[in-house]
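Please assemble the complex out of the two chains, which come individually in their own frames, going by the hints.
Here's the letter readout for the chains.
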Amino acid sequence: MAEIIIRNLRKEFGDFIAVESSSFTVGDGDFFMLLGPSGCGKTTTLRMIAGLEMPTSGEILIDGEEVGTKPARQRDIAFVFQMFALYPHMNVRKNISYPLVSQGMRRAEVNKKVSEVSRILGIEDILDRPISGLSGGDRQRVALGRAIVRNPKCFLMDEPLGSLDAEFREHMAGELRELHDRMGATTVYVTHDQREAMQMGDQIVVMNHGVIEQLGKPQDIYDYPATIFVADFIGSPPMNFLEFEGNLSTGIDSIELDGQTISVPTLKESTSGTLVLGVRPEHVSFNDSSGYRGRVEATEYLGTTQIITLSSPNGPLKVRMDSKERLREGEKVGISFREEFISLFDLKTGKALLSEINSRLDDNGRS
Amino acid sequence: MTNWSLIEPSNTQKFVAGTLVAIYALVTLLPILWILSTGFKTPTDSIAYPPKLIFEPTFEGYVNLFTTQTRQTEEYLANNPPNNWYEQIVHDKGMVIAGPSRFGERFLNSVIIGFGSTFLSVFLGTLAAYAFSRYKVPLKDDLLFFILSTRMMPPIAVAIPIFLMFRTLGLSDTHAGMILLYTAVNLSLAVWLLKGFIDEIPIEYEEAALIDGYTRFQAFIKVVLPQAMTGIASTAIFCLIFAWNEYAFAVLLTSGTAQTAPPFIPTIIGVGGQDWPAVAAGATLFLVPVMVFTILLRRHLLRGITFGAVRK
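Listed in order, the protein sequences are those of chains A and B. Mapped onto this note's numbering, the consecutive letters of the first sequence carry residue numbers 1 to 367. Mapped onto this note's numbering, the consecutive letters of the second sequence carry residue numbers 368 to 679.
Isolated chain B (complex conformation) (with noise of 0.2 Å):
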């Protein structure tokens, strides 16, 4: 007798997909792997070859990354102990600190400018996408179309243009600037992400709230946003990682006050010699706000909770 079966895999059939999966997960977090323990290694081991893949952890990269120091005279040295652990480990190098780095000021450029334009995008694309869904807009597909086509070329295609309108405008390396730029590249995509969504949601669920004692917005806020929260939640963490991770623009229009974390981490390097744990330090920590939103809003990716309660 055979359990053969259409739905149910068989147990060789799991196990193939199990490998597969199991080698898909690790080609794909080895680099991540690779930069969590660069952060931890010291130069030397950083470059070592073969790759020292048990190593005694340091924080010097991350030291070397909120820092810039300076080398001194033995004399000085003796002279002045280090106060507390980060300062023994600068000391040991033969340097002391000579005050914080810029890159937690970029860190932050990065997360005022990235949650700024994805709380930006998601508003206004849930109003237009709203929009759109329910009421009768005059060129209707036309708009949507014209919408969409901003997303035909590469953002970057339009670098110069944006530069020149940039400078012209004083906006160059403001932060209100980078917010409206990544806005308007993440509005497209929001509009019609959110538009799908919120097509889904059945319109008797607002005239049920209608007739219940609401007013349309009241119904928007009450009925309709619960619902969409699905597509929020997934259409904040595409804006997000968008402008999060967005290079070629911040290279190009900022410098100084609204440099965001991809431009400067980069130059990190140059500062004496490859230091590659700071790199990896710094890239690390880059990871982090992502990781996090995305874990704080998995519960609403789940698209359960609507199940059940319509019938189609």
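The following block holds chain A by itself, in its conformation from the complex (with noise of 0.2 Å):
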């Protein structure tokens, strides 16, 4: 297994840039999820750590070893397609022994190969069956299987779960989380789903037109995005977002809104403008005495939760609670934020404000 580095990595297509200029590393034996809408260049990055494009510019190095001109057959690497690409003209058996008849690899040898990794796969029963008599589930083994049957340095998966139904999809998350656990296996996982990126992840890249937009651990990239972009992109219902001008400076620990003021965390840098009051959902609390109230809008039941809608003088704001909580529409209420968990974005630029909190975090991503 092996570490992979990426340097200055840009792709262009004709006029359009791809891939503007990504730095990251993917420690040994990480997860490492590469997220984003689509468009944004994460299957571009993946696809040029694979060598199925070329890169415009920059460095990829895989266990030290730059392969950036490398064809991909060169790079030692395993690729999960999201549709699969087992070979349909070929049974299981077939399938996952390609990669090592490619080799040169003796029979006897390959037997016992396949039927190691069918063992661990769990698929040893349907290894003589045609590929097109599979349900979803076992194709994503069998193409798993021909992807860890040689060994490779590092894995590569473009939305493998992509095509399974949810229920599914849930179960082979798990599945493979655990497989990656057990073979300790580098792993470039893409993904549109922040829910499966949050899930399987050691660590995320959140990707938005070719740039990098942050990195870091799911749990840091949900309590502290590094931009508007990823606060609204991560979470389900998103960050709220409360727009408000202001003139603040470092050192400040509070921000007036509606003429109320507001704890925040300490900022380290100033600033001026319209600016943006980040808070999640789960962050926002009812309380009386608070002097910034809003108004109830609507309430969404979600079994244990609801989500509740108001209306503030800065705009809508949901708010997660406990389901038990009754709310009728049209009452006033209380707002008030926990501190430790709102964030500050210039507007202009997107930007999250540093402030004592954010930035103790892991600053490798920050572009």
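For the record, the hints were derived by calculation from the structure and aren't laboratory data. Note that the Cβ used here is the ideal one computed from N, Cα and C, for glycine as well. Careful, some of the hints might be misleading.
What the hints assert, rightly or not - Just so you have them, the derived chain A footprint on chain B, three or more residues with Cβ under 8 Å:
(1) 573-580
(2) 588-595
Stated by the list, open to error - Straight-line alpha carbon distances no greater than 30 Å define the calculated DSBU-like cross-link-like pairs of lysine-lysine that follow:
(3) K153/A to K70/A
(4) K351/A to K318/A
(5) K268/A to K217/A
(6) K70/A to K507/B
(7) K348/A to K268/A
(8) K419/B to K70/A
So this is what it looks like as structure tokens:
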């Protein structure tokens, strides 16, 4: 297994810049997520690591070796496609053994490997079946089998659960993560599904328009998004954004919102203009003593929790709380925020303002 | 209660459909039946009116097809008794076999030219179609349109220029010339048909093979070709049918060495009266290769094998 280092990676298709200038490091044994909306460059990044696209510029190092211009077959990596790309004219056994046959491995050894892998994946009983009759989950396992059978330096997965139905996706996600933990294989995983990324990843890179917005652990990205885009893309419902005009300087630990003082994490930079206060729905609570007030517009019942939509002086606000709480539409309530989970953004740049709290994070991926 | 269903046909509908199919089959199969049966009739039976459905079969037509014969005197016939069944048939008419006819070599010419041009069309067509499908070819759309435009007039419209070209180049009445001509005509069809089939094959298969350690060419041979077999088979059948049946160019450009069966078969009729059974026998045998070829390839015409390996 190996570490993957990406330096200033760039890809242009004609006039279109798919990936602007990415740099990040995938640690040995990491489960690394490339997350972003479609067209953000995550798949292009993955395909460049695989050798299916040649980078316009920049470096890709796998296990310390520069591979940017090498063909895919010399990179010793495995790729799992969204549509699996199992060879339809071969049965399961042949599909799994195909990468070994290309290396000229001896038949006896190939058979040993294939049976070992099929035992790990629990597909021993379907080895001689044709691909066409398999269920989505079995196809997924065969695709994984073809990937792990030759002990590659790393696994690259392009939305491998994207074509499974929701219920089964959950199950396979667990299985994948478990498989990863058992093998300790460096894995780069592309997805547009933020839940999947949070659930499985050790590290997440959030991309948008070919640019890395943030890199970090799932919890850090969720709690302290580096940009408005990340705050909006991650979380369901996404973070609330309350716009206000302000003139803030270093050291300030409160802001004025509709004439009310709101405590925020101590700022480490100064700025002025249109600013945004970001707070996640679960970090908003009702407090009758608060001067900042809103009106209940709607409630959405979600089982254990409910989402309450408020209108506040600075725009709509969603609140997540226990569904036992009973609220009537039109009711006026006092609103308070959990100070340590408030993020402040500059609307113009879209970036989070540096505070005592978010500056403590690993700064690795901040672009 | 009714069993009315949107997709399940009723018994009446099934009956009507079945009857229509049966009538259609009868109409299309009748000429073939006529040719098949005429081949086994005597010349007298073949022109009998009303046509004889039940008759005594004979191989006379086939023997006439494959041999040339001369009339002999009673004395000669008495002194030279027939050695086998086909000499017997000729003998009964008061004739003897002078030698083999040219049908065998004309038929072989058809096989060489038909299959040769089919192979060449499909081979070149597959490579071109793959390139058009997978690579960024400059002026791709214009080139494809140009290729298609070669079929926008009937090929025979250029018969005279081709005739002159072939004469100048020394290609008239040669196998190479006919193979080249039929390939040129078929290639546009082959490229377009095959491009459609190759476009349908997801590029991920090749990418998977590239990552599994194969070169682009190996991926093409081991992954794309097996997937494209359906298209290759149907394209080959189309090409063969055209090259096999082509008549006009064959009449114009071949007369001896490279003459194919289509221009030859009608000439049989002139030998000693109207020998319909011999013509029918030639036509019957002429049908066989395309039929066999189609039957051999029919397994590949089933699209089923790729179904389900990809989720779209």
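(message) I'd like to know which numbered hints this structure contradicts. Please list them from smallest to largest.
(response) Of the numbered hints given earlier, the structure breaks just one, which is hint 8.
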